[in-house]
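Residue numbers (the numbering used here), protein chains in the order written: chain A, 1 to 258; chain B, 1001 to 1215.
Fair warning: there could be bad hints in the mix.
Looking from chain A toward chain B, a few residues come up when the C-beta cut is under 8 Å (computed) [to be verified]: (1) 81; (2) 99; (3) 107; (4) 109; (5) 237.
To be clear, the hints were calculated from the coordinates, so they are not data collected in a lab. What you are looking at is a predicted structure, and each value in this text was computed from that prediction instead of being measured. For glycine and all other residues, C-beta sits at the position ideal for the given N, C-alpha and C.
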Amino acid sequence: MPAAEATREAPRAPSEAIVRIQDVVKEFGPLRVLDGVSFDIARGQVVAIVGRSGSGKSTLLRCIAGLETTQGGAITVCGHAVGRPGSAARAQLRRDVGMVFQSYNLFPHLTVERNITLALTLVKKQSRAAANAKAAEVLAMVGLTDKRTAYPEQLSGGQQQRVAIARSLALSPQVMLFDEVTSALDPELTAEVLGVMEELARRGMTMITVTHEMGFARRVADLVVFMHKGKVWESGPTAELFTTPKTAEFSQFVSSEL
Amino acid sequence: MIQLNANHFLYLLQAAQWTLLLSLIAFAGGSVVGLALALLRVSRIGVLRVLASGYIQLIQGTPLLIILFLSYFGLGIMGFKLVPIVAAGLSLTLYAAAFLGEIWRGCIEAVPRTQWEASDCLGLNRFQQYAYVILPQSVRLAIPPTVGFMVQIVKNTSLASVIGFVELARAGQIVNNSTFEPFTIFTVVAAIYFAMCYPLSLAARALERKAHAGR
Chain A
1 MPAAEATREA PRAPSEAIVR IQDVVKEFGP LRVLDGVSFD IARGQVVAIV GRSGSGKSTL
61 LRCIAGLETT QGGAITVCGH AVGRPGSAAR AQLRRDVGMV FQSYNLFPHL TVERNITLAL
121 TLVKKQSRAA ANAKAAEVLA MVGLTDKRTA YPEQLSGGQQ QRVAIARSLA LSPQVMLFDE
181 VTSALDPELT AEVLGVMEEL ARRGMTMITV THEMGFARRV ADLVVFMHKG KVWESGPTAE
241 LFTTPKTAEF SQFVSSEL
Chain B
1001 MIQLNANHFL YLLQAAQWTL LLSLIAFAGG SVVGLALALL RVSRIGVLRV LASGYIQLIQ
1061 GTPLLIILFL SYFGLGIMGF KLVPIVAAGL SLTLYAAAFL GEIWRGCIEA VPRTQWEASD
1121 CLGLNRFQQY AYVILPQSVR LAIPPTVGFM VQIVKNTSLA SVIGFVELAR AGQIVNNSTF
1181 EPFTIFTVVA AIYFAMCYPL SLAARALERK AHAGR
């Protein structure tokens, strides 16, 4: 049985839950992918969701991002329920949450700069000049200042993913979601993307990452959530969880990933 | 029998202008209606999808010749007497719209779903997603099949001759009736059609290169 609800204490200054996931159920037809998932994330926390393929971790992330509808339970982000109908609720969620995908999903017909400024000018109604300044700022943060005028296909996978992070970061979200963002990259490129994510964590960004990078999870995550069969099988502060796993499934998973 | 002379070729070239004009009408009208149809086909409102799909099925399943007959003779009997160019322009517009609508729907749907998700996550609304993310990528995909269909349209304008519209093919027939030199005349007619269609293919290739240069 899952040893859920282990003592949960935020190593960083404990504050209100910025993301609250309560008893979430998600079904694809007869298949129950999320089976009553609950946990809270405090502002500034870095959470690593780990687990085998098919354990529901990416689906959970997509539910938080409002890309999937849920069949039960509730998710709130910054006090607003996810999945409320109406464009105003949707816009609020988009202001609060940024999402980075495994396949980068940059816009191939636009330059790096325009990829970043598109939402700034269209959604945040910033002037082109202000948006360009913001783009320069976030590109510097991910170390790609010189790629401003390049098109996505001229970049390596790692560079594309850093642009995708910059694009999301430019909108100043309260929470950033990372969906297996290094899974398509070779180790060298993985390192440069993880480096950017560590820097974000140091700057206090609230991050929820679905990852297979156990090293990253150990180093950076405050909280680790191990998912198995659509449930939170085991969760808790990173160090504690890795040193004293409570379930056979998690210790098995950890040893297989090392 | 009259000897074939330069005036005959001049006459053919003049008729070719009507072919060109009819092609342009068909293409302009077909594009406007076709884009609307494509967007209706991918609409989130089911009844709009069904209506657009019904229209496309109906037109695609009807010979262009019959559409021409209906809009010229059919409407004529009902009291809407159209001049041949209008009837032909209308028919070709209806016809081109059905095919372009379906071609472009395919091009819109060929843009990966992840592009919708990424732009959604950035907060773009549906109109902005179409205008800035999806359609620009669809256009790139649409160039080759669209030009291929344009060439079909140019050639299909020859059917307008059946409702008495004197375009290139009909003009060729008329010249042949008075000179009876079918091989020469229809070779010239074919060459003029080719001269109109080939630049389209060339332009398409140039456009494709340009579209890819920005990548």
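- Message: Hint by hint, where does the structure go against what was stated? Just the numbers, ascending.
- Response: Numbers 1, 5, in rising order.
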